[in-house]
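Quick mapping for you: the protein sequence lines, in order, are chains V and Z.
Sequential numbering of the first sequence, starting at 333, is according to this note's numbering.
Sequential numbering of the second sequence, starting at 18, is according to this note's numbering.
Check before you lean on any hint, since a few could be wrong.
Cross-link-like lysine-lysine pairs, in silico, PhoX-like; alpha carbons within 20 Å at most [as the list claims (entries may be wrong)]:
1. V:K676 to Z:K597
2. V:K676 to Z:K178
3. Z:K608 to Z:K597
4. V:K633 to V:K497
5. Z:K582 to Z:K502
6. V:K524 to V:K353
Residues of chain V clear of chain Z, computed beta-carbon distances all greater than 12 Å [what the hints assert, rightly or not]:
7. E587
8. D600
9. A680
Just so you know, these hints were derived from the structure itself, not from any lab.
Glycine included, C-beta positions come from ideal geometry on N, C-alpha and C.
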Amino acid sequence: MSEKRERPARAVKLNVINEPKDSYTGGKSSLCPGCGHDQISNVIINAAWENGIKPHKIAKMSGIGCSSKTPAYYLGQSHGFNTVHGRMPSVTTGAYAVNKDLLYIGVSGDGDSASIGIGQLIHAIRRNMDMVYVLENNGVYGLTKGQYSATADIGSKKKKGPINKTQPIDLCALAINLGCTFVARSFSGSKKQLNALLKAAMSHKGFALIDVISPCVTFNNNDESMKSYGYVKENEVTLHMTDYIPHFNPITEVEVPEGHFRDITLHDGSTIRLETISDEHDPSNAVAALTALHEAETDAKHVTGLLYFDNTKASLIEDLGLVDTALIDIPDSELRPGKDMLDKINAAFLS
Amino acid sequence: MENIANDFTINIATANGTGSQSANLILLQSLFEMGVPVSGKNLFPSNISGLPTWYIIRLSDHGYQAPGNRTDVQVLVNPATWEEDLAALEPGTVVVWNENSKLEMNRDDIVSYPIPMNQIARKINPKLAKLITNIVYVGALAEILGIEQAALESAVKKQFKGKASAIELNITALEMGRSYFRENLSKQDPYIVEERAIKTPQFFVEGNEAIALGALFGGAQLLAWYPITPSSSLAEGMIEWIPQIRTNDDGESTCAVIQAEDELAAAGMVLGSGWAGGRGMTATSGPGISLMQEFIGLAYFAEIPSVFWDVCRVGPSTGLPTRTQQSDITMLYEGSHGDTQHIVLFPGTVEECFEFGWRAFDYTERFQTPVFGMSDLDLGMNRWACSGFDYPTENMDRGKVVRDRDVFEAFEEFGRYLDVDGDGIPYRTLPGSGMAPILYRGTGHNPMGVYSEKPHDYLQLMTRLRNKIDSARDQLPAPILREEKECEIGIIYLGSMENTIQEIDDILEATGIKVSQCRLRALPAHSEIENFIDRHEKTIVLEINRDGQLYGILRKEIPIHLVPKLLSVAYSDGMPPRGKIYADLILKTLKEGQL
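The task is simple: from the sequences and hints, build the whole structure.
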């Protein structure tokens with residue numbers, strides 16, 4: 333437990349709650365060497381550590397697929413639930429309803445989220461369920477050996493088989509249209525950007541979707557694939573440089589970048605700083621976000637950064653109208669109404 | 018002509034969406050207030066307005082609750098079913114019919130009471146005539162049968178709680194119906210209502226509402242549901258009661274309610290809450306359970322507490338959504354792919370609906386496995402007499418949850434699926450506790466909860482799960498036995514058949530057979546079930562479905578030498594069970610069994 337841990341004699345770098353990064357790591361990955369998902373796992377470890385979140389206060393949730401196996405590879409001190417295909421959002425919602433005090437980090441893939449589980453994703457967004465939803469998007473089904481998924485780009489070709497001709501579903505565009513309160517796209521190869529976005533998502537209250545293009549080195553990393561490392565590196569359009577300033581760091585001490593930037597304050601008091609690269613992107617403007625996505629699609633590019641952000645909407649917990657204490661911490665005696673109450677009910681029925 | 022008091026069946030044919038439901042409930046309630054043993058069955062269509070609806074009221078001093086074998090008093094209001102309803106009547110039936118319906122009364126072998134219902138209704142209030150028409154026949158019936166005005170007025174007041182204008186309007190309409198009969202017609206039939214002393218005060222309540230209340234007294238913390246007939250009123254009952262009994266002065270509740278996007282999501286939410294250490298439940302019907310199968314398997318395999326209430330309707334497929342059946346016994350007991358076995362509770366009365374409502378949570382947490390409650394449309398959506406709900410006799414059983422670090426530290430070794438006590442039930446810690454965190458999974462796992470495909474781990478796990486569920490048998494509600502000392506014929510039945518069994522028993526005993534009753538209240542079956550079969554010469558397994566689902570389960574589980582003693586009587590036409598049909602089938606089956 334973090335409370336009992338003594339500071340080690342040898343200088344190991346500790347975070348704001350005196351935890352070494354080791355407290356956030358997990359088991360050894362069994363994914364293919366070089367898999368984008370492993371890079372994302374490392375960023376999740378780093379972001380949680382840097383944000384100083386108690387590891388046991390995180391719940392790691394997933395569905396089924398290569399991406400959904402990854403919770404075994406990070407945050408070994410957190411409970412997790414590797415649920416069923418595409419249904420992680422509902423399980424997370426139920427857990428959240430009875431224990432709102434955990435940080436829920438869901439990991440899903442494009443098969444999980446864009447096909448079988450698209451309905452649950454949509455409704456979790458609609459409820460503004462308070463969670464970080466990391467979509468590890470590679471355009472193919474890995475565990476079943478390389479079928480196209482519903483996010484495969486038109487004209488893209490995986491290692492084996494024909495060119496994909498079916499219209500992809502852009503889950504960021506979908507999320508923006510649904511009023512999702514935090515929508516970002518990133519790339520597993522852009523660690524710095526992903527790290528800032530993940531930390532910001534953890535500080536957000538509401539549904540935070542990060543669609544991370546995460547190349548499948550085995551089935552979809554050839555040059556003709558539009559979700560290969562090579563292609564994404566060449567064709568990534570970055571909206572802005574992304575920086576995260578945690579609430580426990582006084583913002584006045586943070587170096588101010590040259591040129592134009594925009595600071596967005598997050599729910600826990602942290603800040604995400606978006607530094608303008610060329611044209612300024614206004615993440616509060618849904619039309620601008622959708623335009624950026626459509627333009628990128630037309631040019632066969634991938635646009636990354638914080639696409640859309642809205643901190644004005646109530647999250648699910650406010651809609652549920654529950655007591656302040658997490659429901660699982662309420663003693664049994666308060667959950668069961670007293671005998672006098674049942675006597676009153678019986679009497680009222682009889683009258 | 019000799020009077021027939023409190024022993025006849027009234028059938029009222031109307032169209033839905035016309036206010037007939039409240040008129041019928043007023044009639045039922047007024048009889049109830051006179052102390053007459055009475056039951057009401059609403060046969061409604063899967064439709065909002067305009068389709069045929071029948072309401073069947075049985076008065077029976079024997080306490081028989083099933084619809085009678087024939088209609089004795091028919092009320093005809095609905096032109097759409099006029100001819101069919103009329104043709105089905107036996108000679109001598111009393112027919113109270115709407116003279117303004119422009120349809121012919123072509124039977125002269127019945128007792129005919131024409132009432133100009135629309136005309137009377139228009140006189141009272143032309144704008145509301147359509148709704149008042151129904152209350153006019155209640156007034157006429159009251160006069161014909163001798164229902165007390167005080168009981169009627171009290172029933173009206175109950176139906177329209179505090180709405181003075183509605184109460185006044187209905188009382189006027191009742192009186193108009195009464196006086197029309199008094200002034201224009203004369204009684205020519207034997208049926209009368211006689212007041213009976215009320216020994217124990219009782220009230221009417223629907224099974225669904227009883228489960229809703231029971232669940233809230235069971236400490237439910239999450240209701241995740243998707244609307245489906247005939248279970249919606251269970252969820253809505255909880256929604257209605259939460260502000261009154263589970264909410265503090267600031268309007269904050271201790272039970273979350275989420276209307277899910279579908280039944281899959283509802284099941285997922287229930288599992289999520291159970292995983293996190295809460296008491297979550299859903300209410301659905303057969304089609305919903307079909308959709309939840311995948312999660313049910315996950316809950317069984319990963320050992321997640323979760324409560325599922327299935328208010329059965331007629332299957333398969335969309336089936337007859339507003340008719341009743343014990344349709345899902347097998348699906349609940351053996352739900353999901355692979356080898357599974359689940360705890361299923363079968364309440365047979367509204368009192369038990371309440372009791373199993375709270376007990377289901379204790380069982381699901383004690384055994385760390387999904388628990389199903391199976392009710393049906395008949396029990397769930399019709400009103401049943403209730404003497405009052407009993408307060409839970411035991412404290413909440415939260416099962417083997419380690420919340421305390423001291424307790425946790427005392428374990429030599431902690432594994433999520435380690436069988437420490439040898440009862441097949443492992444210990445668990447909760448997310449957020451920091452104790453023994455694991456990644457729960459629906460894939461194979463070893464006692465430490467780590468992924469495993471090793472044959473030994475799989476076998477050990479499946480054997481333990483089987484033993485765990487098997488150990489529940491005698492901890493679940495025991496069967497209710499009403500035995501004859503002769504031990505001739507036994508009948509094993511369950512659930513809402515409770516309301517018909519005594520009538521069946523009486524019909525059978527009238528033929529000289531001695532009949533013992535055994536109401537199974539849970540699966541896996543209590544060991545008493547086997548003893549009951551053993552004691553009796555022959556045992557009928559009686560159920561409201563086609564295939565004899567419970568028979569199939571028992572046949573598989575009882576010792577092989579008892580199997581020849583077991584006979585199946587299964588029948589379902591969608592209607593609430595009628596005693597004579599089942600009694601005749603039992604007699605036929607016994608006869609065939611002797612050959």
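For each hint, the structure was consulted:
1. In summary, the hint linking K676 (chain V) to K597 (chain Z) is not supported, as the alpha carbons are separated by about 40 Å, beyond the 20 Å threshold.
2. Using a Cα cut-off of 20 Å, the hinted pair K676 (chain V) and K178 (chain Z) holds, with the two alpha carbons roughly 18 Å apart.
3. Among the hinted pairs, K608 (chain Z) with K597 (chain Z) is consistent with the structure: their alpha-carbon atoms are about 16 Å apart, no more than 20 Å.
4. As the CA atoms of K633 (chain V) and K497 (chain V) are separated by approximately 17 Å, the hinted pair is consistent with the 20 Å bound.
5. At most 20 Å may separate the alpha-carbon atoms for a hinted pair to count; K582 (chain Z) and K502 (chain Z) meet this at roughly 18 Å.
6. Only pairs whose Cα atoms come within 20 Å are accepted, and K524 (chain V) paired with K353 (chain V) is accepted, the gap being roughly 17 Å.
7. At roughly 36 Å from the closest C-beta of chain Z, the C-beta of E587 (chain V) stays outside 12 Å, upholding its exclusion from the interface.
8. At roughly 18 Å from the closest C-beta of chain Z, the C-beta of D600 (chain V) stays outside 12 Å, upholding its exclusion from the interface.
9. Residue-level check failed: A680 (chain V) sits 9 Å from the nearest beta carbon of chain Z, not beyond 12 Å.
Violated hints, in rising order: 1 and 9; the structure is consistent with all others.
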